[in-house]
Each structure stands twice: as C-alpha cells, then as structure tokens.
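Chemist: One rule links them: number in the working numbering = place in the sequence shown (from 1) + 31.
I should point out that these hints are in silico values taken from the structure, not numbers from a laboratory.
These numbers were taken from a predicted model, which means no experiment stands behind them.
Treat the hints with care, since some could be wrong.
[What the hints assert, rightly or not] Here are the simulated EDC-like pairs of lysine to aspartate or glutamate, each with C-alpha atoms no more than 20 Å apart in a straight line: (1) Lys37 <-> Glu66; (2) Lys309 <-> Asp213; (3) Lys317 <-> Asp58; (4) Lys73 <-> Glu303; (5) Lys89 <-> Glu64; (6) Lys89 <-> Asp58; (7) Lys152 <-> Asp247; (8) Lys152 <-> Asp244; (9) Lys54 <-> Asp136; (10) Lys326 <-> Asp244; (11) Lys73 <-> Asp111; (12) Lys317 <-> Asp244; (13) Lys37 <-> Glu87; (14) Lys238 <-> Asp213; (15) Lys317 <-> Glu218; (16) Lys309 <-> Asp111; (17) Lys309 <-> Glu218.
[Stated by the list, open to error] Using C-beta positions, here's what the derived DEER-type ranges look like: (18) Arg36 <-> Arg135: 23 to 29 Å; (19) Ser240 <-> Pro316: 18 to 24 Å; (20) Ser246 <-> Glu287: 32 to 38 Å.
Glycine included, each C-beta is placed from N, C-alpha and C at the ideal position.
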Amino acid sequence: MSPYRKVHVIINPASGRDEPFLKTLNDTLNKLEIEWDIFVTKRSGDATRFAQAAVEAKVDAVAAYGGDGTVLEVASGLRDSNIPMVILPGGTANVLSLELGIPRDFSQAIQLLDSTRSTPKAIDMGIVGDQVFFHLGMGFEGEMNKEADRDAKNRSGIFAYVNAALKNLRNVHTAHYCLVLDGETVELDGVNCTITTFGSVGLGGLKISHAIDISDGLLDVLVVQEVNLRAVLAAAAGAVLTGELARPLLQWQVREVSIIADPPQQIVSDGELITLAKIEARVLPKAVSILVPKKTSRPPQ
Numbered sequence: 032m033s034p035y036r037k038v039h040v041i042i043n044p045a046s047g048r049d050e051p052f053l054k055t056l057n058d059t060l061n062k063l064e065i066e067w068d069i070f071v072t073k074r075s076g077d078a079t080r081f082a083q084a085a086v087e088a089k090v091d092a093v094a095a096y097g098g099d100g101t102v103l104e105v106a107s108g109l110r111d112s113n114i115p116m117v118i119l120p121g122g123t124a125n126v127l128s129l130e131l132g133i134p135r136d137f138s139q140a141i142q143l144l145d146s147t148r149s150t151p152k153a154i155d156m157g158i159v160g161d162q163v164f165f166h167l168g169m170g171f172e173g174e175m176n177k178e179a180d181r182d183a184k185n186r187s188g189i190f191a192y193v194n195a196a197l198k199n200l201r202n203v204h205t206a207h208y209c210l211v212l213d214g215e216t217v218e219l220d221g222v223n224c225t226i227t228t229f230g231s232v233g234l235g236g237l238k239i240s241h242a243i244d245i246s247d248g249l250l251d252v253l254v255v256q257e258v259n260l261r262a263v264l265a266a267a268a269g270a271v272l273t274g275e276l277a278r279p280l281l282q283w284q285v286r287e288v289s290i291i292a293d294p295p296q297q298i299v300s301d302g303e304l305i306t307l308a309k310i311e312a313r314v315l316p317k318a319v320s321i322l323v324p325k326k327t328s329r330p331p332q
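Please take these sequences and the hints and turn them into a complete structure.
Modeler: The structure is reproduced here in structure tokens:
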C-alpha cells in the first residue's frame, strides 16, 4: 500500500509521445490502493493552476505527464509545498527526468508512487521575475530550440534538436555578455550563455559538466565562446571518453546573476522560447520535491 493515498494526475495531451497509458495508470494506481483524479491541460498555465489546486486539496502527491515545459509548470505550482511530484516522461527531451534517473517507460515511472521503489529528492529551481526555471539558455541554444519546432519534434523526436544544432552551425552569432555574478562583474564575448540547475543535455548520460549539482543551492552559469565544426568534434570526443561535453566553456556557481547580451539573443527556458532585454535570476534552494528511484531499485530502461 502506498503512503500516497490521494494523488492528482496532470496530463498534457499535446506532448511529443504517442502512447496509450490510461489502462496502465488505472491498473497501477488501483493496485497501490491510491485514490486519484485526472486533469487534462488545454492551454499554457493550466498545469500550474492544476498543481496549485492540488496543494489546496491537500493531496499526497502530484503526477505530471508531459515534457519539460509541463514538468516546469507543475513544479511552479507545487513550489515550497512539500508535496512530491512524480514525473511521467511524455515529451521530446525530458531532460530533467534523465538528470534524476527517472525511467522513460511509463509503466516503470508510475511505479515511483510505490514508496518501496522511490524516495523524495528536494531540488533547486531558478527564478526570473515571477517565472521559475530549471534551465535557461540564450544564443546558440535559443536558436537551436527555435529551429526545432513542434512539427520537427513530432517527426524526429530528440534528433530534431541535433538537426537544428547542425543547421545553426552555419549561422552562429557572437554577442558581448555583461554578467554580474553575486555582485562581481564579468564581461566577455560568447555564442551561448546558460543558467542551469542540472547538467544533463538530454542525450543518454551526457552532461554539460559533472560539477553541476541539482541540490547544492547554487545556479551554474556557463558561457560557450565558440561553436564550430572543430568544437563540435571535440565535444563529441569528450562525450565518448568521459560522458561530459568537452568544449570551450567557462563556468561559475552563484546565488544571483544578471545578464545583458549585446546584441540581444534568443532565449529558451525549459523548452519554451521567451523574450527578455535583461535576465536577473536567483536560486530557489530545494524548491520542489521529486520522487526518484531508490538506488536499490531496478535501473531505468
């Protein structure tokens, strides 16, 4: 019997994966003797509103089926509530679930509501204005996500991002960054700037940097100073040897950061394109709790 007696399940039907899962959901939750209700999103912001309603209803856990954007919305609604979230990967990249070792298979992921298989993990978030995030990038990363639109992701899945990256190699633009890192100003040129809480890149076990910890109470700020074929080949070689992308990369760990890019660059926040003249971000330590596999559990497939 699961200690999570009452659960709300939030589903984004527009997510990138096409799979039948309602029977598996029903069978698993009934077997665990869980009382559950289902909520289907129709527009941006619904998942956050449903999560906030779940907090008011004093549920024991919230399950979120969708991609990184859906997971972010639900996490935003659950922020500082101590109600754990179960991530049911249903999108194209599912980068956060990869970071946390959550099974991609739906039937395995839903089993995390069985407390013998899972444990809650408190993780950090960042916030810009009133918008929370796990991973925010500008420059090459933003243009890559712009190129990998919904149709491309439906056709090619995660490889839509790979194709977009290769296309954008021919048209990389350098910007001048003015960074204020915990009060210290740094100015430099680069093609991409990232603020992130985790290191996974969405391809297997590859990481931007093994030094990034999703629960350390810090934001990691990274600047890539060049992206070209030579840099891509070096990154690929590093990935094969170490599981870490070796590339011209500068990294800082901070609690607060502001960034101005000249000229302005395309920004992407957890898969969603946004527009800001200036980024002012700070960390929200251990802002949300996620159910992750116990180390003794069967590893994700």
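Chemist: Confirm or reject each hint.
Modeler: Evaluated hints:
1. Lys37 <-> Glu66: Since the Cα atoms of Lys37 and Glu66 sit roughly 5 Å apart, the hinted pair holds (cutoff 20 Å).
2. Lys309 <-> Asp213: 16 Å, holds
3. Lys317 <-> Asp58: 32 Å, violated
4. Lys73 <-> Glu303: 16 Å, holds
5. Lys89 <-> Glu64: Answer holds: Lys89 to Glu64 is near 18 Å, not above 20 Å.
6. Lys89 <-> Asp58: Given pair Lys89, Asp58 is violated - Cα atoms ~24 Å apart, limit 20 Å.
7. Lys152 <-> Asp247: 12 Å, holds
8. Lys152 <-> Asp244: Given pair Lys152, Asp244 holds - Cα atoms ~12 Å apart, limit 20 Å.
9. Lys54 <-> Asp136: 14 Å, holds
10. Lys326 <-> Asp244: OK: Lys326 and Asp244 at ~17 Å, within 20 Å.
11. Lys73 <-> Asp111: 25 Å, violated
12. Lys317 <-> Asp244: OK: Lys317 and Asp244 at ~12 Å, within 20 Å.
13. Lys37 <-> Glu87: Roughly 13 Å separates the two Cα atoms, so the pair holds.
14. Lys238 <-> Asp213: 25 Å, violated
15. Lys317 <-> Glu218: 30 Å, violated
16. Lys309 <-> Asp111: 26 Å, violated
17. Lys309 <-> Glu218: 15 Å, holds
18. Arg36 <-> Arg135: 23 to 29 Å: 27 Å, holds
19. Ser240 <-> Pro316: 18 to 24 Å: Taking Cβ atoms as reference, Ser240 and Pro316 lie about 20 Å apart, which means the hint holds.
20. Ser246 <-> Glu287: 32 to 38 Å: Because 18 Å falls outside the window, the suggested range is violated.
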